[in-house]
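Asker: As a plain string of letters, each chain reads:
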Amino acid sequence: MSAFVGKYADELIKTAKYIATPGKGILAADESTGTIGKRFSSINVENIESNRQALRELLFTSPDALPCLSGVILFEETLYQKTTDGKPFVDFLLENGVIPGIKVDKGVVELAGTNGETTTQGLDSLGARCQEYYKAGARFAKWRAVLKIGDTEPSELSIQENAKGLARYAIICQENGLVPIVEPEVLTDGSHDIKKCAAVTETVLAAVYKALNDHHVLLEGTLLKPNMVTPGSDSPKVTPEVIAEHTVTALRRTVPPAVPGIVFLSGGQSEEEATLNLNAMNKLDVLKPWTLTFSFGRALQQSTLKAWAGKTENVAKAQATFLTRCKANSDATLGKYTGGASDDSNASESLFVKGYKY
Amino acid sequence: MSSFTSKYADELIANAAYIGTPGKGILAADESTGTIGKRLSSINVENVESNRRALRELLFTTPGALPCLSGVILFEETLYQKSSNGTPFVDILKKGGVLPGIKVDKGTVELAGTNGETTTQGLDGLGERCKKYYEAGARFAKWRAVLKIGQNEPSELAIHENAYGLARYAVICQENGLVPIVEPEILVDGSHDIHKCAAVTERVLAACYKALSDHHVLLEGTLLKPNMVTPGSESAKVAPEVIAEHTVRALQRTVPAAVPAIVFLSGGQSEEEATRNLNAMNQLKTKKPWSLSFSFGRALQQSTLKTWGGKEENVKKAQEAFLVRCKANSEATLGAYKGDAQLGEGAAESLHVKDYKY
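In order, the protein sequences belong to chains A and B.
If you use UniProt numbering, the first sequence corresponds to residues 1 to 358, in order.
If you use UniProt numbering, the second sequence corresponds to residues 1 to 358, in order.
SDA-like, lysine to any residue: derived pairs with alpha carbons at most 25 Å apart:
1) Lys106(B) to Gly268(B)
2) Lys17(A) to Gln283(B)
3) Lys287(B) to Leu287(A)
4) Lys164(A) to Ser155(B)
5) Lys287(B) to Leu334(A)
6) Lys148(B) to Asp214(A)
7) Lys196(B) to Asp214(A)
8) Lys311(A) to Thr33(A)
9) Lys106(B) to His160(B)
Not the full set, but computed from the structure, chain A residues with beta-carbon under 7 Å of chain B:
10) Ser2
11) Ala206
12) Asn213
13) Leu219
14) Arg252
15) Arg253
16) Thr254
17) Pro256
18) Pro257
19) Ala258
20) Leu287
21) Pro289
No wet-lab data here; the hints were simulated from the structure.
Quick reminder that beta carbons are idealized off the backbone N, C-alpha and C, glycines included.
Next comes chain B alone, as it looks inside the complex:
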């Protein structure tokens, strides 16, 4: 058979399609304990469980925000946490029409003999872990593969290893009821131009879909989380329309129509940049058989974090800031963003960190 027939097939297809609902997108709130520590320290907040819990509660209980979201990616700790009145986060999300998702990879390790290229770990016992997460209420998963652009990068080895890792992860998820988000991130670091990024993105995505086919993955029950096609971080910026054109063309050349939705990562883009680029893509008049939406972490939370500063008395204001970005991105998925969102503190701030490590 080409795609395998999971007992969860209908559910996977329905959930993947739901996540791609126009007007909605994903909040990536799956920062590992180490990574969230960096965020919290940037606002002078102690990295303890109660603070991690408080931040996520702030986000999930923001009035009016959940209708803009179809999913939230969680870190394992958060999957089992509750709000201050004892309601499991998973239930709050489900009640608000938001599917809980779970990060399942275990980070990257270097590929020996390459120039700092990596592959992603996490396949050992993945099936068992997925079963547990499904029982806990998760309905989709995420696995981040990372590639970089350089003189000789990405190498054929890096492309192949990461593509086949993603494919193996994807089919294991589907065997256990979780819609796999396939994330082959090509880092923005570098001085290359947008054409180079486009060429690499097309090559990487072609390899991914070949690997997914080889591993019998049911494409209708998956999502893609790619980078947008942009110039390198050290190169001159271009307009959102240019980013939109190159990005959508790369996707037209590689992503089969069976994939219901593409949920972009924001990389190092500022909140406003990410929203404008997504908006431009949805305004583009060309063939787009998949919906184009967001799966943003930093680009949804940056100004919210700054406004909160870890203080109870700032929660309401922080939630307002969060709602602004949720609405802006919801509009962007419809090509209806007018660029008039009240810019919160730091909304236009680049979030690029060279050689970013989760």
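Isolated chain A, as found in the complex:
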């Protein structure tokens, strides 16, 4: 057979399509314990379970925010946490039309013999883990592969390894009822121009879809989480329209129409940049057979985190800030964002960290 049609096929197709609903997108709140620790230390908050629970509760219970979201990606710890009045986060999200997802990769390790290139771990017992997550209420998963641009990068080895890892992860998810988000992130680090990023993105995506086909992945039950096509971090910026044009062209050349939705990562972009770029893509007058939406972490939470600073008395303010970014991005998926949603400078702050490690 070409595509594996297991017992979950109809559900996978339905879930993937729902996540891709225009007007909605994904909140990536799957920071590992180590990573959330870095965020907390930037606002002088102790990295303990109760604070991690408090932050996620703040986000999930923000009045009117959930209608802007179709999914939230969680870290394993969060999947089993509850609100302060005892309701499992998973139930709370589902009741509000938001599908819980789970990060299932186990981080990157270096590929020996390369110039710092990596592959992603997490395949061992992945099937069994997916089954557990499905029981706990998760209905989609995420696995981040990372590639970089350099003189001789990404190498053929790195492209092949990461594409195949993604394909293996994807089929295991589908066997166990989880829609796999396929994330082949090409880092922005570097002094290359936008055309170089476009070429690399196209090459990587072509390899990814060949691997998915080889592994019999049901494309209608997947989502893609790519980088936007931009100049390197050390290069001059370009307008959202230029980013939109290069990004959509790259996707039209590589992503089969069977994929229902493309949910962009924000990389090191500021909250406002990410929203403006997504908006420009949705305004582009060219045929796009998949919806274009967001799966943002930092670009949805940055100013909210700062507004909260770990203090209960700041929760309402922080929630209002969060709602502003959710609405802005919801509008951007419809090409309706008019800019300047947040009047605090945090929204324009670049979130780029060189050689960013989760």
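Got chain A; can you put chain B on it based on the hints?
Answerer: Positioned in the frame of chain A, the structure of chain B alone reads:
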């Protein structure tokens, strides 16, 4: 770079898009001297140059036919032939808004160690030949790769060889101003069901688009000429709607939106079958970011040939028969065919020849 930048890029993109104009399609009149000999002998006509010329003149000067066509594929001899009043065929076509195309492959040869699988020849000196054809007025080319379904077929070798042959041909064409039609035909021969054909078609097309990406082909300046997805020739027939569903799904899973048009081959289908299937595809309510049209040889000419019988006095009637099929297929590209075309002699006749060799 991912796709290379040919000096002909804009022209390639414009020509490929034009060929995909809704309401139009391609007449495949590129039968080699040997193959046209078989056709002519079936109507007791001598295979001499004047008869070959007369047949093509009959087709190209049919009143009302050229508006249904965006392109005609020619064999090399025909590219340099003229009508009886001395007008080059190429000029007649251009004046009628029809792009001349040229078959550039040199047939198939067997792959040693396989069970009768083949690869296609024609790469030697292809660049030079394309330049000459461009000078003679050709603006697109065609190369037919052939695969078959069997117990162990198509093998990974056959898929790979044919995909990479197509990719090499495609980029050489683009370097020289010709839009490459990429034709990976999976023969209908066999007793397999439609699901098997779908699986093989998806696998083959995925390999093709990976190869095209590897070879830096500009997808916006190409066309795809695939088989429809059908049951094997020895299996029970199915309705056009079923063929349409499986075919379009296979294409959604493999053909990037950057490809402007898909021009189906008719294989061994009768004239009427081919038209009905194309019509059903265009009526299907689903994502189709490329236009779906025809590139028919036998399925456009069969009844015309029979009506002509090589006789001058039959030309007018034969041209009427040809116009009927042109109009029917033009309507089919719009999903508007009502199945009421005056069936010419043999229009419902299967054109399947087991293990067909051009």
